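A.B. asks: The residues making up each chain are set out below.
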Amino acid sequence: MSAKLVGAKVQRVEDDRFVRGNGRYVDDVAPDALHAAVLRSPHAHARILSIDVDAVLDLDGVHAVWTHEDLEGAMAEPLPLLIPHPTLTHGRTQYALAKDEVNHVGEAIAFVVATDRYVAEDALARIVVDYELLPAVVGIEAARAADLLVHEDVPGNVAATTEQSNGDAPAAIAAAPHRLALDLQIERSACMPMEGRGVVARWDPDQGRLQVWSSTQTSTGVRAAVAAKLGLDLGQVDVITPDVGGGFGVKIVHPWPEELLVPLAAQRLGRAVKFTEDRREHFISSAHERAQVHHVEVGFDDDGRVLGLDVRFWHDHGAYTPYGLIVPIITSTQLLGPYKPGAYRVRFDSLYTNTVIVTPYRGAGRPQGCFVMERTMDAIAAELGMDRAEVRAANFIQPDEFPYDHGLIFQDGRELEYDSGDYPAMLEKIKELVDWDGFPAFREQQAALGKRVGLGLACYVEGTGVGPYEGAHVHIETSGKVKVATGLTTQGQGHQTAFAQIVADELGVRFEDVEITTGDTRRMPYAVGTFASRAAVMSGSAIHLAAKRTKEKALRIAADALEADVEDLEIVDGVVSVKGTESSIPLGTIAVLSNPLRYAFDEASKAATQFNVGDPDKPPVAEDDEPGLEGKDFYSPPRSTFASGMHAVIVETDVDTAEIRILKYAVVHDCGHLINPMIVEGQIHGGVAQGVGGALYERMAYDESGQLLNASFMDFLMPYVTEVPTSIEIDHLETPSPLNPLGIKGAGEAGVIPGSAAFAAAIEDAERAVSPTFGITAMPISPSELFALRAAHVPHAQEPK
Amino acid sequence: MTEEIHRIRLRVNGVEHEVAVPARRLLSDALRHDLGLTGTHVGCEHGVCGACTILVDGAPMRSCLTFAVSAAGSELTTVEGLARPDGSLGPVQQAFRECHGLQCGFCTPGFLTTITAGLAENPDPTEDEARDMVAGNLCRCTGYQNIVKAVCRAAEIAREDRDSA
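Just so you know, the sequences run in chain order A and B. Counting in this note's numbering, the final residue of the first sequence is number 809, and the numbers go up one at a time with none missing. Counting in this note's numbering, the final residue of the second sequence is number 169, and the numbers go up one at a time with none missing.
Read the hints as simulated data drawn from the structure, not as lab findings. As the structure is a computational prediction, the values presented were derived from the model and not from experiment. Take these hints with a grain of salt, some might be off.
[What the hints assert, rightly or not] With a cut-off of at most 20 Å between alpha-carbon atoms, the simulated SDA-like pairs for lysine to any residue come out as follows:
1) Lys-153/B to Asp-24/A
2) Lys-153/B to Ile-738/A
3) Lys-561/A to Gly-596/A
4) Lys-17/A to Glu-102/B
5) Lys-17/A to Pro-685/A
6) Lys-153/B to Tyr-728/A
7) Lys-153/B to Ser-735/A
8) Lys-17/A to Lys-153/B
Let's have the full structure, built from the sequences with the hints guiding it.
C.D. replies: Pasting the structure below:
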């Protein structure tokens, strides 16, 4: 047998085309397309009194200009509310083009199609809109105060109030020997994939079919939305997701206005039409995340064990709620991490503001929850004078307690029940990796050099691989090549490699003979999408099952052809043979035999004509069989599988400038069995970098009128190589998931989750060495903010040199 | 209003092209949409991310901040021109593949051209110099860890090439 590929660092098959510049991203297709541009609101909150497009009409090269008045039927209705959670009592979504009112800077108002983007933007500049300005609601404080409303018919700016509990937390806290209260907050950030949104559509009038390419995380979702909005049958719409230049969550939202307007324009104009979002548009008209304010009350015993935890928080979801309450629900449940408080209650309000919508960004509400929980753990340790790792250990769910049911409902409407994990073992690994016990000596040594250093630790658990399902189709061609399709999309995770590893192992074929297609509704019309660290778990499992089914059929046919028992057969490098004999048959030939033919078209197919195969007394295709060497299967788990991890970071905070330098970053990670450790580590690297960004640099600087002041890469500070750790120490723990055949858990989001929590802890630790009352309650933190915090905690902050 | 159209010659990856463009047409758009060389990507359109970096007479430049008309007469190299004459991957391309220096691949062409120019200037960079070489390009996927490794590996491959030449 060939060596197993699952678990090996296999080089990526997609890289050859990427490094040659041969990737096909959405803006690369349909070079003949007309280009669309969108007029966006310059105001955060305004009534639209009139729109005058007359000056556009005589501009050469303009093919269409539309406002809401030009839309009909379902297209004129608000966009779908994708996830209608029962407690979302006041959900609101925008129109494809604004009707009467705009609620954030960047909201789409008018749509122009022209020969190229330059002319389309010339046209936008000629459109005159008369606005009646309304006061803007910006930030959680203003939304909570509710002196002003975002939507007139939404009292208090509250879209939803949600509460969950397990036990009586207030009573447990009241009865606890120790109590603490904390107020914590996290600011806005955003996914910021290097490629923005984009969509291309082409209408084929001869077939009455629409073909759509979108830079999306769900091609089946886009397909259903486009069909519904344009009044087409599902069978008339194909959606293809080509190479995607990063997603990180923002591209799971659908349909964006342009994802509907471009197909409609293609249909109406009879021409291919393309929309490619520019960077400023991405800042003001896609989605953000993270902003939350928390109030925590906790009661604990002398050993630091949490007896009761009561969390009240406020979530800023921006102007509309197309993605429902997913982010705050995840925060409210995943906040618990690897811990088991005696009793827990969480309540949140999801609030409207006149800012860009908030939908999942890698981590999806978990970085906030992790920050809150880990700040609480550090506060308990400080209160009791205990080691911070010991307090965490005292609260861990133990390895023999799985499956562990938290008594709460998770984001998918299923129980929050952890399937497996080993948190004490993981803690030992991270302590070793970062040299936890050696740190006091290091601190002393650095202090002697006049340097201030701190160590932070943060633990998290991540529910990955949420349902409802994914599917896969495996087809072995007569050439012996294996064509595999799964419906979810790919935006850099190396699915063509990782999934091919699974297929090669299960089928016994050569890795090079496997070709994976993702995100093409023509090849696999049933799928959900790529989010929630679910692709490897969901499609990986479905592909494994479909390959298994295909293998069973291949062996059945081979057993017939070779006159042997199935149990005596093996498949190696695409050839089925009777173990220990010379008797063998290639899979390609089995594919020929699997499809009884009337007509031969080449030498190989002669073997499958009716004169050559089958029992003349039986139907050529048996009643319970079908032609072709194919297998299809779906994977639908009862609930999510829970990955976990711990990060530790050592920072130096500059004594004079308050600059924060990363001296060491360590990660221990458990995503069950690894399909491709190289890819998993790459995911961790990228997540850690985004965690650094979220902790130290990235924020959305809205002014009080709702203008985003830093809507460019010059002003929104994404980490360059100079801002990330020079190395990231990684160790893996593998506790397989019992929920899927490969024992895997998701890995995509993990790296980013504990970033803010770990940095807050490390910076606080560095500063506490000289200023015992110093505390960090808000992230991100800039050097200026650290400088100000120092001054606030030590009135005479300057130490003698 | 009709725009004045300029007929210019662009020499890209050793091939001469004639294009007719208005003065405001960006070089990135001319490469991608007029010449069909879609390997050059546009990530920010204001010169910060570096995805659109190409080589102009061997020096890295942001094609999103350059007008096509101003590039006439220069020798331009895009990512499509980085393979070896026999079609196999060039040293930087090969190193990125070996080191897993890319994920979604969108920023990659800008890194490859930048590093190609960087190694021409400094064929034997230390790790710090490798980091410095890519410090003007944004990547949102990799956390740069393997990109820095790829710079060092590319230098090694180029050295092996020189030694065996």
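A.B. asks: Determine for every hint whether it applies to the structure shown.
C.D. replies: Here's how the hints hold up against the structure:
1. Lys-153/B to Asp-24/A: holds (18 Å)
2. Lys-153/B to Ile-738/A: Holds, because 16 Å separates the two Cα atoms, which is no more than 20 Å.
3. Lys-561/A to Gly-596/A: Judged against 20 Å, a Cα distance of about 13 Å means the pair holds.
4. Lys-17/A to Glu-102/B: holds (11 Å)
5. Lys-17/A to Pro-685/A: Holds, at about 6 Å.
6. Lys-153/B to Tyr-728/A: Holds - the C-alpha atoms of Tyr-728/A and Lys-153/B are around 15 Å apart, at most 20 Å.
7. Lys-153/B to Ser-735/A: This hinted pair holds, its Cα atoms lying about 11 Å apart.
8. Lys-17/A to Lys-153/B: holds (16 Å)
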